[in-house]
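S.K.: In order, the protein sequences belong to chains A and B. Mapping of the first sequence onto my numbering: position 42 corresponds to residue 28, and the numbering continues sequentially without gaps. To convert, count from 1 in the second sequence and add 25; that's my numbering.
Mixed in with the good hints, there may be bad ones.
Said to hold, decoys possible - Sample of chain A residues with no beta-carbon within 12 Å of chain B, all distances over it, derived:
(1) 25
(2) 53
(3) 55
(4) 56
(5) 68
(6) 74
(7) 82
(8) 85
(9) 88
(10) 157
(11) 186
(12) 268
(13) 286
What the hints assert, rightly or not - Calculated Cβ distances over 10 Å to all of chain A for the following chain B residues:
(14) 80
(15) 100
(16) 133
Unchecked claim - For the chain A half of the interface with chain B, some residues (derived, Cβ under 7 Å), not all of them:
(17) 19
(18) 94
(19) 122
(20) 200
(21) 202
Worth flagging that the hints you see were computed from the coordinates, not collected in a lab. In this text, a Cβ means the ideal position worked out from N, Cα and C, and glycines have one as well.
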Amino acid sequence: MPCRRTGATATEGEVRAYVSRLLDNRNALGLLFLLPAGALLLLFLTYPLGLGVWLGFTDTKIGRGGAWVGLENYEFLFGDAVARLSLFNTLFYTVVASVIKFALGLWLALLLNKHVPFKTVVRAVVLLPFIVPTALSAIAFWWIYDAQFSVISWALTELGLIDRYIDFLGDPWNARLSTIAANIWRGVPFVAICLLAGLQTISPSYYEAASLDGATPWQQFRYVTLPLLTPIIAVVMTFSVLFTFTDFQLIYVLTRGGPLNATHLMATLSFQRAIPGGALGEGAALAVSMVPFLLAAILFSYFGLQRRAWQQGGAD
Amino acid sequence: MAKQTDDQVVDTQGMNYLVSLPRRVVTVYVPLAAFLFVLLFPFYWMGITTFKPNEELLSREGNPFWVVNPTLAHIKKLLFDTSYPDWLWNTMLVAVVSTFLSLVCSVLAAYAIERLRFRGSRYVGMSVFLAYLVPPSILFIPLAKVVFELGIFDTRLALILTYPTFLIPFCTWLLMGYFRSIPFELEECALIDGASRWQILTRIVLPLAVPGLISAGIFAFTLSWNEFIYALTFISSSEVKTVPVGVITELVEGDVYHWGALMAGALLGSLPVAILYSFFVEYYVAGMTGAVKE
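Bound conformation, chain A alone (with noise of 0.2 Å):
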């Protein structure tokens, strides 16, 4: 390329060198590599979490920029009865998921990692519901669920077991169930492919040696199974209780957090408090005081699990 300064070439020169040893240097290189994907999250997650924290001080409305209120949101919804309800709902609500969708999760994984006819269908087939998206598989199960042509109410009226259709999403109690049922539909799939990575990399001589120590079926899934699994058990349950404790779809899809508020989760309550209601330093408030309760559940199911890995695991 013809210059007509010289001037400008020893210019040209001087960058290209210090470009080359920028280049050179992996912090600014590397430093180069994460600006796109820091920019978005900075700016996406990391700025949103710290307003998030500082919304929840303030009084702010949509369309209104709010003043600084201290704790009283906070003072609010402790002594907001649906707030509070929102709380035990979503603590029974993860409580009971988790346990059952750990339990069948578990049990659906040894079934898969069995020899049994067409395994590899089988297993794709088996993770389609965690797929599709939530929200129209909710919509599923409204239909199954619905008060007059339930066909779950019908199948058991044919078979003599119920002579009334039952309100599945209409009582207090059967709608908590009944969104629980759907959300361990949804998460067994995940469980049980999540731990069937695990179990397939336990040796099949392990059990070959326990079984001609005599070991019964039950000892060894307690005693070779269990142990070596117990690490990505609490990853997978970390999970699987993340995701079910900030759930929003199913209850938003199902109830709307009904009825008299008795599936509403904290996610759902937040979002209806803060962009149908207009109140978005409460609905913050309330997201952000979900964060202690997932810390809380991250640090239990990660530590505890994984020092009965350590102690388990043998001599030390």
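Fit chain B to the given chain A structure using the hints.
M.R.: Just chain B now, kept in the frame of chain A:
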């Protein structure tokens, strides 16, 4: 290769020959069949409702598990009387663009964290994992404010820019694992031959990480296709809604539920991800379990 798979089959059989067939039926086949029935029934129900005429839907007579006079009326109503085609297009556009954007950002970030080993890369790697644990339901309120202040409220751009908040941490984490498995020696050879870092990334690392890219891409695509809470919060005009939000907010009108159209909407909205998944099952499972195992 064939021999190896044969050996594996023999291996996984293990001590199974000791278990009698009736016992296998009771302990394995029956429970597995029950699981499959429960897990797949809602899809069957979705499908059968889509093709049922209204009279059959709203009658308690006859067998509800079958359809006597199948009809396409619900699908026709969905495609021609609602904005459903727009929603499908929006979902596709948002999912593809945000997945692509996240993949580009994640490849660069994962390579920097895993291979450039700049000062503090360990901490950046850990914060990526922590970012993955931040749930959208505690982020959507302040994010709505950010989106509004940027002036992109109620546009597809709002979704394209916010979905990477959960896609980038996931993809970066997954790709870090893949990059770790590529031998250093290959890069060192290339460095000696005078390749720049950029050339190493595009000519050596990326071709070797194609399975990881596919896993991350498929997973990211399904995640953004399924996303609900951001789309519900940031979008209010019908023509820019995504399928899950559109079906929930627009097809549910008043007290009369059009179950046929709703189920048709759910079915058509689920099919694209289900079909994509069926082609890439192995990659998808590798992505999901890989992210958990690390």
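S.K.: Now tell me if each hint is right for this structure.
M.R.: Here is how each hint holds up against the structure:
1. 25: violated (9 Å)
2. 53: holds (15 Å)
3. 55: Residue 55 of chain A is indeed farther than 12 Å from all Cβ atoms of chain B, at 16 Å.
4. 56: Given that every Cβ of chain B is farther than 12 Å from that of residue 56 of chain A, nearest at about 18 Å, it holds.
5. 68: Non-interface label stands for residue 68 of chain A: nearest chain B Cβ at 17 Å, farther than 12 Å.
6. 74: Its Cβ never comes within 12 Å of chain B, the nearest being 18 Å, so this holds.
7. 82: Consistent with the label, residue 82 of chain A stays out of reach of chain B, its closest Cβ about 17 Å off (over 12 Å).
8. 85: At about 18 Å from chain B, residue 85 of chain A clears the 12 Å cut-off, so the statement holds.
9. 88: holds (14 Å)
10. 157: holds (19 Å)
11. 186: violated (9 Å)
12. 268: Residue 268 of chain A not clear of chain B: closest Cβ-Cβ about 10 Å, inside 12 Å.
13. 286: holds (14 Å)
14. 80: About 12 Å separates residue 80 of chain B from the closest Cβ of chain A, which puts it past 10 Å; holds.
15. 100: Check passes; 15 Å lies beyond 10 Å.
16. 133: Not fine: 4 Å to the nearest Cβ puts residue 133 of chain B too close to chain A.
17. 19: Cβ of residue 19 of chain A sits 4 Å from chain B, so the hint holds.
18. 94: holds (5 Å)
19. 122: Holds: closest Cβ of chain B sits about 4 Å from residue 122 of chain A, inside 7 Å.
20. 200: Violated, because the Cβ-Cβ distance from residue 200 of chain A to chain B comes to roughly 13 Å (cut-off 7 Å).
21. 202: violated (12 Å)
In summary, the structure is inconsistent with hints 1, 11, 12, 16, 20, 21 from the numbered list given earlier, while agreeing with the others.
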